[in-house]
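Chains as they are written, first to last, in my numbering: chain A, 528 to 834; chain B, 5 to 434.
Worth flagging that the hints you see were computed from the coordinates, not collected in a lab. The model shown is predicted, which means the values in this text are computed figures rather than measured ones. Errors might be hidden in some of the hints.
[Claimed, not checked] Simulated coverage check for chain A against chain B, where a stretch passes if three residues somewhere in it have a Cβ under 8 angstroms from a Cβ of chain B: (1) 633-639; (2) 720-726; (3) 732-743; (4) 769-780.
[To be verified] Each pair of labels, with its calculated beta carbon distance range: (5) A/D551 to B/E290: 37 to 45 angstroms; (6) B/P104 to A/D735: 37 to 45 angstroms; (7) A/D551 to B/R410: 40 to 48 angstroms.
Glycine is no exception: its CB is placed at the ideal position from the N, C-alpha and C atoms.
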Amino acid sequence: MPLSSRHLLGLQGVPKEDINLILDTAKTFREVLERPIKRVPTLQGKTVINLFYESSTRTRISFELAEKRLSADAVNFSVSTSSVSKGETLKDTIRNIEAMKVDMVVVRHPAAGTPLFLTKVCDSNIINAGDGAHEHPTQALLDMYSIKEKLGKLEGVKVCMVGDIAHSRVALSNIFGLKAVGAEVSVCGPSTMIPKNIEELGVKVIYDIDEAIRENDVLNVLRIQLERKAREYFPSIREYAAFFGITEERLEKVGKEDILILHPGPINRGVELSSGVADGLKQIILTQVTNGVAVRMAVLYLLGTMN
Amino acid sequence: MKIILKNTHLLHPEQKVDRDKIDILLIDGVISKIDNLKKDDFKDAQEFDLRGKYIAPGFFDMHVHLREPGREDKETIISGCNSAANGGFTGIACMPNTEPAIDSAEVVTFIKRKAASHLVNVHPVAAATVGRKGEVISPMAELYENGAVGFSDDGVAIKTSAILRRALEYSKMFGTPVIEHCEDETLAGGSMNEGLNSTTLGLPPIPSVAEDIIVSRDILMAEYTGGIIHIAHISTKKSVEMVREAKKKGTKVTAEVTPHHFTLTDDAVKTYDTNTKMNPPLRTREDVNEIIKGLKDGTIDAIASDHAPHSIEEKETEFDYALNGIIGLETEVGLTLTELYHNKILSLNQIIEKLAINPRKILNIPVPKFDVGEQANFTIFDPDEVWTVDISKFKSKSVNSPFDKRLLTGKAVGVINNNMMFYNGEMVRI
């Protein structure tokens, strides 16, 4: 059974069957990653370009590794966004790239909707690796994979996204993906960082981090952006860490030391997670990274073998 | 030259004219006879059979961006006038956010001179402050004397309450309105209306309260100063409610709405089509419903396009980087008839008030009359013509419209003004 779309632009509206297919396929590739020879010939002869308009190390490396493990030819194309206004238009760039006979494009871009725009100006399969504050579907898929791996299921699992929900593509993709497979989703963070209409997505809003810890099976803790723009939304890092930071004391106080905590990385130690909690998570966070490669292999494989 | 417009339906709500099956004789662009034409009148006359078509006082769009001077690649004064004529307008007011801004007598004169020989009358709205910077009020007396019909920093609201106060007080001397683009700049800067759609699309939001705050400020200041305020492109429920209340109290406030703000909601943005990006942004169904109510009860006086031409490169790009605005002159009448007349929201008379009479009254421009001896200033329209929008056939230099390929019912088929007639796509001297 193939996926219902030839692109992966986001998880909004993606049917449960597709999500399960990706997660099941990822499991197969996860096993491949444990072998001494971690390469399969599945996408031999296919060319994938990683078109990154935003700096990213881990997502790009994860995709690149996934592409290489599938024997695809991987090319990286990084564009500094500061040159956007005077540089080549995105449409010209993508047409040029396509003229080089590329089969798939993995795109990260600071402007929401850019992956959809690309589907209209080129014929390659488009995979969204993060667009503005919109979606980051492979991150959500790997989070879901990691939850399923740890807890054995997704249906009925209670997951809380913690942090800056309003500007997070990871949060939005997780909400759509988790809701599709029947998980219960809540969000927790400063009220300035919770979008006004989020409840209409069937999501519960919690402002008290202790309550969020108490009521959930999983916390997916987002990275707080420390630059000035993000800082308009909360008074100080100190206050954020004091009221929303996850610390060992807090987990102990609520009696949930064993709660599953995910973090897409990189962690701001002492802000969203205390160093102690972060160190305790080493294993799951590293597993998340490995799972990321497997999930991206699954997506590339399923889309790359469709046409 | 003799022209006879046959079998037409004359509609002029202000003159209380509503007569069907009428023949009109024009000689050299002047109304020479209405009805009871003699055989002699037909001699050497060019006849146009306008069965099923209406003649209204020429439509007037009070919110048009002509890009000249400065961005002639997007629209020139002439191409904008051609677009207006093709859309069914005999007059337009052009906004001052050109480069340089319309903040000197020279620029006002330049525009008036360029448009002088056209069928379409062009009335510049001058900047309310020098360079639209919000620091010092513009030389309004001189601008007014040279033909400016209103004052606006359109594109942005007048920056501070203090300068707004001075602008309202000063322009009051000439009876001209201050036209406000209502948006609190400290809340603005997003790409679409704030709501569920902005959340799921991940686009930076513009809250409706950014408009409401400035509408509220402007109404209060108009009350305080006795000045005249006109709210441009009203788009939110609360703003409509505030204008309604202010009018009841006798405040000198008027408002216009664009066809896209009564036709579309922010659901249209879901495609990330940059032709759905405008400022004010497309709002919610609730806002549209209140706008419709405001059109019905007279809270909203005028319909205006906010015709905003942009180059292809400026629109065919990432949503966040695309410029705001769409062209509107050539879809305005069609959308108004389709959405408001055929959906039984407004009568044809009410539509003529909002497209021809009220905009001129707001700007103190004489309303064309259907009297013998008057110069013919007409819009000929067919409320029932079904047509499909084809942007490639438009006269505007730009193509940024979300309405391409849209099926509309009702169309302006011709205009007559300044001894010229634009009919069936042809401009002829009469």
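Verification of the hints:
Under the rule that three or more residues need a Cβ within less than 8 angstroms of chain B, the assignment of the stretch 633-639 of chain A holds, with 4 such residues. Coverage of the stretch 720-726 of chain A by chain B holds in this model, with 4 residues showing a Cβ closer than 8 angstroms to a Cβ of that chain against a need of three. For the stretch 732-743 of chain A, the stated coverage by chain B is violated: 0 residues have a C-beta nearer than 8 angstroms to a C-beta of that chain, whereas at least 3 were required. As drawn, the stretch 769-780 of chain A meets chain B at 0 residues by the rule of a beta-carbon pair under 8 angstroms; below three, the given contact is violated.
Evaluation of the 37 to 45 angstroms hint for A/D551 and B/E290 yields a pass: the beta carbon distance comes to about 43 angstroms. Between B/P104 and A/D735 the beta carbons are some 56 angstroms apart, a value that contradicts the proposed interval 37 to 45 angstroms. For the pair A/D551 and B/R410, the beta carbons lie near 44 angstroms from each other, so the given range of 40 to 48 angstroms is met.
Of the numbered hints given earlier, the model fails hints 3, 4 and 6; all others are met.
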